[in-house]
Amino acid sequence: DMKVTQMPRYLIKRMGENVLLECGQDMSHETMYWYRQDPGLGLQLIYISYDVDSNSEGDIPKGYRVSRKKREHFSLILDSAKTNQTSVYFCASSLSTGSSAETLYFGSGTRLTVL
Amino acid sequence: GQQVKQSSPSLTVQEGGILILNCDYENDMFDYFAWYKKYPDNSPTLLISVRSNVDKREDGRFTVFLNKSGKHFSLHITASQPEDTAVYLCAAGENQGGSAKLIFGEGTKLTVSS
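Those protein sequence lines, which keep their order, are chains A and B.
Take 57 as the starting number for the first sequence in the numbering used here and just add one per residue.
Take 850 as the starting number for the second sequence in the numbering used here and just add one per residue.
Read the hints as simulated data drawn from the structure, not as lab findings.
Just so you know, not all the hints are guaranteed correct.
What the hints assert, rightly or not - Cβ-Cβ distance ranges computed for the label pairs, FRET-style: (1) A/109 - B/851: 29 to 35 Å; (2) A/123 - B/869: 41 to 47 Å; (3) B/931 - A/140: 34 to 40 Å; (4) B/851 - A/167: 19 to 25 Å; (5) A/78 - B/894: 20 to 26 Å; (6) B/907 - A/109: 39 to 45 Å; (7) A/115 - B/890: 22 to 28 Å; (8) A/71 - B/903: 47 to 53 Å; (9) A/112 - B/962: 42 to 48 Å; (10) A/58 - B/861: 32 to 38 Å; (11) B/852 - A/84: 26 to 32 Å; (12) A/112 - B/918: 28 to 34 Å; (13) A/82 - B/918: 39 to 45 Å.
C-beta: ideal position from N, C-alpha, C; glycine also.
Just chain A, same shape as in the assembly (with noise of 0.2 Å):
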């Protein structure tokens, strides 16, 4: 069963705090990607992943790092928490064929809060 999962589902941080947000998936998608949903703004790429160590910057990559040190997992940091990264982020995998974009599948999405 093709998946792509999140944890955690719902989290509420403080202001300046770490937060790590976890994804993973099992269909071997070279291509991983974590945008944040907003009201009125749809998706808003963060960061793209194209393997494992080879990551972009997507639209809107300040106030966050990721890592890839696993194909099948993808994290998403924020050092130092503010309350402008209150939103929800999905995660979301592709597979490269080499010629032509793919499918994404994006997980259940996390929920993030920061007071």
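Add chain B to chain A, keeping to what the hints say.
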């Protein structure tokens, strides 16, 4: 600025009706276009996609039309049903070695009333 833009934040249609969702993009290097569907508290799932070498793709009640010169693509839904009620997100991207850095629009909340 917003690279991919959906002009309508929300739409309502009667059950059985036809509706059109629109999406405009800025980057003329984009060559992959998709519509995703999202129910509340669920993750987005791919509804239909098209590559730039065609201007139309049909899948049952759903058809995507691509107008490259106008940097515009649309989703047509026929015989709309209550279960079509969801948020529809358009997305566009440029193929980069088999991956597309997909840029999403803001979403259109569709309500199908019975």
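Here is how each hint holds up against the structure:
A C-beta distance of roughly 31 Å is found between residue 109 of chain A and residue 851 of chain B, which places it inside the suggested range of 29 to 35 Å. The hinted range of 41 to 47 Å is satisfied by residue 123 of chain A and residue 869 of chain B, whose Cβ atoms lie roughly 42 Å apart. Remark: the range hint 34 to 40 Å for residue 931 of chain B to residue 140 of chain A is upheld by a beta-carbon distance near 36 Å. Distance hint check for residue 851 of chain B and residue 167 of chain A: the Cβ-Cβ separation is about 24 Å, which falls inside the suggested range of 19 to 25 Å.
Between residue 78 of chain A and residue 894 of chain B, the C-beta spacing of about 21 Å keeps the proposed range 20 to 26 Å intact. Our hint of 39 to 45 Å for residue 907 of chain B and residue 109 of chain A holds, since their Cβ atoms are close to 41 Å apart. Between residue 115 of chain A and residue 890 of chain B the Cβ separation comes to about 25 Å, which falls inside the hinted range of 22 to 28 Å. About 49 Å separates the C-beta atoms of residue 71 of chain A and residue 903 of chain B, a value consistent with the hinted range of 47 to 53 Å.
At roughly 43 Å, the beta carbons of residue 112 of chain A and residue 962 of chain B sit within the given window of 42 to 48 Å. Distance hint check: the CB atoms of residue 58 of chain A and residue 861 of chain B are about 34 Å apart, consistent with the given range 32 to 38 Å. Against the hinted window of 26 to 32 Å, the Cβ-Cβ separation of residue 852 of chain B and residue 84 of chain A comes to about 30 Å, which satisfies the hint. Range check, residue 112 of chain A to residue 918 of chain B: about 30 Å between beta-carbon atoms, so the 28 to 34 Å window is met.
Separation of residue 82 of chain A from residue 918 of chain B is about 42 Å and conforms to the stated range, judged on CB atoms against 39 to 45 Å.
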